[in-house]
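Engineer: Taking the numbering used here, the leading residue of the sequence shown gets 3, the next gets one more, and so forth.
To be clear, the hints were calculated from the coordinates, so they are not data collected in a lab. Some hints could be false.
[As the list claims (entries may be wrong)] Here are the simulated lysine-lysine pairs, DSS-like style, with alpha carbons at most 25 Å apart:
#1 513 - 25
#2 159 - 513
#3 520 - 212
#4 159 - 472
#5 29 - 472
#6 212 - 25
#7 159 - 29
#8 25 - 520
Small disclaimer: the values here were computed from a predicted structure and weren't measured.
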Amino acid sequence: MEKEMAMGVDEIEKNKSIDERPKWDNKVQYLLTCIGFAVGLGNVWRFPYLCQVYGGGAFLIPYLIALVFEGLPLLHLELAIGQRLRMGSIGVWNSISPYLGGVGIASMIVSFLVGLFYNTILAWVLWYFFHSFQDPLPWRDCPINENQTGYVTECEKSSPVNYFWYRETLNITPNIEDSGSLQWWLVLCLATAWCLVYICFIRGIETIGKAVYITATFPYLVLTIFLIRALTLPGATSGLVYLFSPDWETLKNPRVWLDAATQIFFSLSLAFGGLIAFSSYNPQNNILSLTNAFNIADMNITLENYDFWLEDLNATNPEKVASLNLESCVLEEFLKQSASGTGLAFIVFTEAVINMPGSQVWAVLFFLMLFSLGLSSMFGNLEGVLTPLLDLHLVPSWIPKEVFTGLMCLVSFCVALIFTLGSGNYWLEIFNNYVGSVPLLIIAFFEIIAVVYVYGIGRFSDDIEWMTGKRPNLYWQITWRFISPVMLLVVFLAYIVVQASTVPTYPAWNKDYEHFPKYEVLPYPDWVFGICVLLSSIACIFIPIVAIYRFGGFLWKRARKSRDAVAYDNNGYVTDL
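Based on the sequences and whatever the hints tell you, model everything.
Structural biologist: Pasting the structure below:
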């Protein structure tokens, strides 16, 4: 009787804590927050770059396949399970099975590590934003050298936009082993970025819900303006034709399918824990909001037609044409050699901006858009860390949530100072490549296994029917049960095979390199490669650690129970009761 009463009290306390959990003011806030988290900076530079490298339309084919059979099922699953159980990532998986608590810890660690370098990118955005008000823009022309006799040689050999990015912004070192010093301007921008994130996040969803009205909608307004402007530029048709003309031979490359499958996690922000946290603030009996923030950043290539000019010059002054040492321009080769990653936003787009009339206005709009995109994603990264800690009462009760959030931001700022070194860009690329790849695949795989085969697909379907009034159709049933977990497992194994068969390298910006301004491709030193392996495994290692720990605890309790069932008689002999 006492046991039943205790269970009743526990159930009441659990329901009370759920009822007291903060809620979104309305569905629009919830929807905008999820969209803002899902559509981040990775959609602006990583997706267009992959389209370039893999032949435009050829990349869209495996991407759409991965979206339909991997991305959307995972998105639906995370939003549904978070809304039903109304807990953060650790609480959700721990409540499904104590042995799966490590999945939530892995998501929390990934969110923390991603937030470190993600906010550094926002610091770079702020640096460019502050310079966007200058006339002319500082990356339009090369600076004068110290002797006032000409332009800086490094800038002349590369380009003004390259020089402003690699020297004036990053002051990058020749290789990753040369760490360089802290760049004070980046330190200030990083501190400003973390202060802005803290201000928007200080009251949790209460302040986030207000901020997303701007951060989640403003980027689409600016992107629409840029799209209209880009479509009016010369060469826009050539760019669109290239983007949607698939190179079928590219599909034979397994790397295309791997990159398409992993890009889904960046496009929809899956397995970070942020979506689960956001949906946990949605009422259980509310209609489940499901959206696919599938965003293609249009890149139109401006190609002026100089054929007639060259033909005329070659007919009248062939020696002048020969002296120009012109290289043949092949569109595919040009795109493959273009900047990638962060460089796509801070080199390619900035060069496009300076060719527009009223370039200052375009630059301000562009970097405001980038900051809004990044800020919305940072909300999800921080929520993926704070919500599990608060739900499990791992934060001392005497520390206010606002103070703890501030401490988290301060610690993150201090750790992220590594990205403000001269070698900071190299380290940021390492974090981007190794934190956001294998760990997300593993986490997503265990999430599906946990819901479908531990929590139970029938029970989960009943929950969705109770929340939405409709039972999941055959598409969701098949993808959750079979297709999605098999795809994740195959992609993970293929990724390991591909990585094991190649030597990891990185592009170094070395002004003394004989082929400068092209990148010098260098292999990672052994100690750096060890850090890469550590970053790939540090989050996922908690999945088996927690399972082994819980299983050990189970065996210990069972052993104690067996020992307590043994008694001794008056002569000291063991008697099995």
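Engineer: Next step is simple, just say for each hint if it's right about the structure.
Structural biologist: Okay, the hints, checked on the actual structure:
The hinted pair formed by residue 513 and residue 25 fails the criterion: a straight-line CA distance of about 54 Å is larger than 25 Å. Between residue 159 and residue 513 the alpha-carbon distance is near 9 Å, which keeps this suggested pair within the 25 Å criterion. Between the alpha carbons of residue 520 and residue 212 the distance comes to roughly 45 Å, so the proposed pair goes past 25 Å and is violated. With a CA separation close to 63 Å, the supplied pair residue 159 and residue 472 exceeds the 25 Å bound.
Only pairs whose Cα atoms come within 25 Å are accepted, and residue 29 paired with residue 472 is accepted, the gap being roughly 19 Å. Straight-line distance between C-alpha atoms of residue 212 and residue 25 comes to about 13 Å, which keeps the hinted pair within the 25 Å bound. Straight-line distance between C-alpha atoms of residue 159 and residue 29 comes to about 54 Å, which puts the hinted pair past the 25 Å bound. A distance of roughly 52 Å separates the Cα atoms of residue 25 and residue 520; the hinted pair therefore is violated under the 25 Å criterion.
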